[in-house]
Structures are given as structure tokens and as C-alpha cells.
Amino acid sequence: MAPARTADGRAALVARGRGAVPRAGPLDRGAEGGGPADGPRGGRLVTEPLRILHAIRSDGFSGVEQFVLRLARTQAADGHAVHVIGGDPPRMRPGLDDSGIGHTAAARTIEVLRAVRGLADEVDVVNTHMTAADVAAVAALATRGRARRPAVVATCHFARPRGRVGAVPIEALVRGRIDAQLAISSAVASAVEGPSTVVHTGIDPRPAGDPGARERTVLMAQRLQPEKRTDVGVRAFAASGLADEGWTLDVAGIGPDREPLEALVAELGIAASVRFSGYRTDLPELLTRAGILLAPCPVEGLGLTLLEAMASGLPPVAADAAGHVELLDGLDERARFAAGDADAAGERLRSLAADPAGRAALGAAARERQQSEFSLRAQADGTEAVYRKAIG
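Those letters in the sequence shown? Residues 1 to 392, per UniProt numbering, in order.
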């Protein structure tokens with residue numbers, strides 16, 4: 001049962017009968033091998049549960065919002081009291097309510113600020129996501145000394161600095177008020193300012209698609225925005241010649257680039273083999289049916305769709321840049337192409353399309369990589385360790 005919401009949209013962080021949770025010390029580790037001690041949380045034992053507030057300025061439901069939803073649900077299952085600020089309410093709240101997690105809508109920075117300020121006395125840690133939430137949380141807690149405010153932990157999702165407000169770097173505004181910084185990949189950690197702890201994004205295991213039942217479809221699933229370089233993917237499919245061999249390109253996603261991309265498809269003469277399917281709620285099913293994932297974005301912090309494809313055993317062809325490198329390094333060299341090089345991407349698509357056994361082997365190796373190195377359990381444990389160190 002979800003925490004009851006108050007008239008102003010806040011929810012008390014007292015879930016499933018728990019009262020106020022005291023600040024806690026470090027994780028209690030087991031004696032054998034330095035691993036987690038046995039205990040009531042699926043083999044994990046910590047001193048006390050935490051009161052966690054996630055904050056994001058958003059009314060959408062893209063990669064970062066889904067990241068927050070997955071992590072919050074895992075933390076609640078671990079026994080923590082959790083509340084989430086931001087994200088599209090109709091798509092966030094069903095999953096949050098099922099886990100006893102409160103939600104406050106916040107599409108504007110000022111709404112995040114007010115929500116953080118209103119809940120500050122009820123939480124141990126505020127985990128911010130993206131720059132607007134960093135600024136909002138710091139502003140909300142600006143009048144409180146460190147001993148009178150929750151710890152602030154910022155998760156960096158993108159491989160770029162925070163930017164500026166006019167001539168003033170945002171980093172200068174938040175420096176000293178953020179107690180710890182997480183990065184979802186080494187690529188992100190190297191691009192952002194200040195020290196970061198890398199905790200990779202994780203996802204739950206899922207069934208793998210049957211290699212023999214996969215369709216002759218190249219899937220691109222991403223927002224249709226300039227930085228995603230969907231145009232490179234379209235040109236790569238055209239260059240591959242796969243349209244002449246009965247393959248199709250499925251472009252799943254929405255965004256301002258759709259009309260220019262449709263024009264490009266017509267210009268390249270491949271309209272009969274390309275489908276723009278819009279926003280999809282059945283992405284897991286698409287990933288189990290498609291034959292190859294094409295991921296041309298050169299600036300992904302890690303690459304959630306690519307990670308989900310790996311979990312599904314779908315062989316990828318991805319831009320060799322940013323977080324993709326960490327996901328795919330050491331796998332079949334056909335899994336990566338020089339960012340922006342449509343001809344190289346087309347060559348890799350053509351090679352894999354002609355090699356069913358190679359596609360199956362790449363898909364299996366990618367799935368093993370995800371399960372061993374990018375699990376949601378590892379992400380939740382790594383994040384909790386950073387929280388507890390920041391709380392002190």
C-alpha cells in the first residue's frame with residue numbers, strides 16, 4: 001500500500017508500518033570474503049533502513065525516469081522508505097504505488113525545490129538526477145547547516161559538465177553542497193566535474209529471445225532528437241543493402257526529428273523497408289523478436305536500450321563511443337563502429353545479417369556480460385554504500 005499523499009502532493013516517508021528511521025552507519029559486511037552478511041534482505045544485512053528521496057525535474061518517462069523507477073522499487077524491496085519527486089505521474093505511479101513508494105509531480109525546477117524543502121526533515125538522503133534537480137535540492141537546503149540537512153547525492157547520467165546559468169558555471173553553485181556524486185559509467189565520470197563513484201546502471205534478468213525465431217528486422221529504439229544521430233542509423237541501413245534482402249528497419253521512438261528522418265528515408269529510396277512505429281510500451285517484446293539492434297548515439301552515458309538488448313540476447317551494432325565502450329568492449333568487433341560513420345555501421349550490419357551463428361554468439365556473449373557486470377542488485381548495493389558514506 002502506498003503512503004498517503006497530503007493535500008500539497010507530499011507523502012510521509014513512513015511506508016509499510018515503519019516509523020522514523022534513524023541515521024545509520026556503514027554497511028555491515030560479512031566475515032567471509034568481504035561480502036554482504038546474511039540477513040533478512042535476500043542475503044543482505046545493514047544496520048538500519050534508510051529514508052531515501054529521489055528528485056528529478058521531469059514530466060516525462062524516458063531513460064532517466066525509468067532508471068529512477070527501477071532503483072526506487074529495488075530500494076523499497078530492500079526495506080528502505082522511498083519517495084520520488086518528478087516523472088510522468090500516469091507512468092511512474094503504478095510501479096511506485098505497487099512498492100509502497102510515494103510520488104510528487106514536478107515538471108518545473110521550483111516544484112522540485114518546494115518538494116525537497118517540504119520533505120527534508122523526513123529523509124536521510126536526497127538523490128538528485130540531472131542538473132535541474134541538483135540546483136533545486138541545493139537551493140532548497142541552502143539555509144541549513146550540514147548537521148541539519150539530509151545528505152545530497154547527485155547521480156550524473158550524461159557525459160558532459162553541468163553547464164552554466166548565464167556566465168556562472170553551475171558547478172560553482174552546487175560545489176560544497178553536494179556530499180557525493182555517482183556516475184553511471186566511467187565515460188560519464190571522466191566528463192563531469194568533481195570526483196565521482198562509478199556505479200553502473202543495472203537491470204533485472206529477463207528471458208532471452210530464441211535466435212532461431214528472431215525476425216529479419218534491424219531495431220532502432222531511441223528518442224528522435226539530433227544528439228541521438230538516428231540519421232546515421234538510417235543511412236547505415238541504406239548502405240547495408242539489407243532492404244534488398246528482405247530486412248526491415250523499425251524506428252521506435254518519438255521526437256522532433258521524425259519528419260526530417262522520414263524525408264531522409266524517402267530520399268534514400270528505402271521507404272518500403274522502414275517503419276516509424278512511434279512510442280512503444282512493448283519494448284521488451286520488440287527486443288526478443290528483432291534480429292539486430294542498431295544504436296548510433298555517440299553520447300550515451302551508458303545506453304539503457306543497448307543494455308536491455310544485451311539482457312535479451314539481441315546482438316547489437318553500436319557507436320563506439322561514450323558508455324557503449326564499457327558495455328561492449330571485448331565482444332565481437334562487429335558490435336561497434338566508429339561514431340558517425342554510416343558506411344562502417346552498414347558494413348557491420350551486412351556482415352552480421354549474413355552470419356546467423358555469429359549473431360547468436362554475439363547475443364549470448366552480450367547477455368552474459370549484462371548478467372555478470374550490469375545487474376540491478378549490484379547497482380542498488382553500490383548506490384547504498386555511497387549513501388551511507390555520505391550520511392556519515
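Calculated directly from the structure, the hints in this document are not laboratory data.
Treat the numbers as computed from the prediction; the structure is a model and nothing was measured.
Don't take each hint at face value.
Said to hold, decoys possible - Label-pair distances were calculated between CB atoms; the ranges are:
#: 1; residue 1: 271; residue 2: 197; range: 44 to 52 angstroms
#: 2; residue 1: 330; residue 2: 62; range: 24 to 32 angstroms
#: 3; residue 1: 62; residue 2: 351; range: 43 to 51 angstroms
#: 4; residue 1: 244; residue 2: 164; range: 34 to 42 angstroms
#: 5; residue 1: 338; residue 2: 272; range: 42 to 50 angstroms
The C-beta atom is built at its ideal place from N, Cα and C for all residues, glycine as well.
Hints, verified against the model:
no., hint, result
1, 271 x 197: 44 to 52 angstroms, "holds, 47 angstroms"
2, 330 x 62: 24 to 32 angstroms, "holds, 29 angstroms"
3, 62 x 351: 43 to 51 angstroms, "violated, 31 angstroms"
4, 244 x 164: 34 to 42 angstroms, "violated, 49 angstroms"
5, 338 x 272: 42 to 50 angstroms, "violated, 29 angstroms"
Taken one by one, the earlier hints fail for this structure at numbers 3, 4, 5, listed in ascending order.
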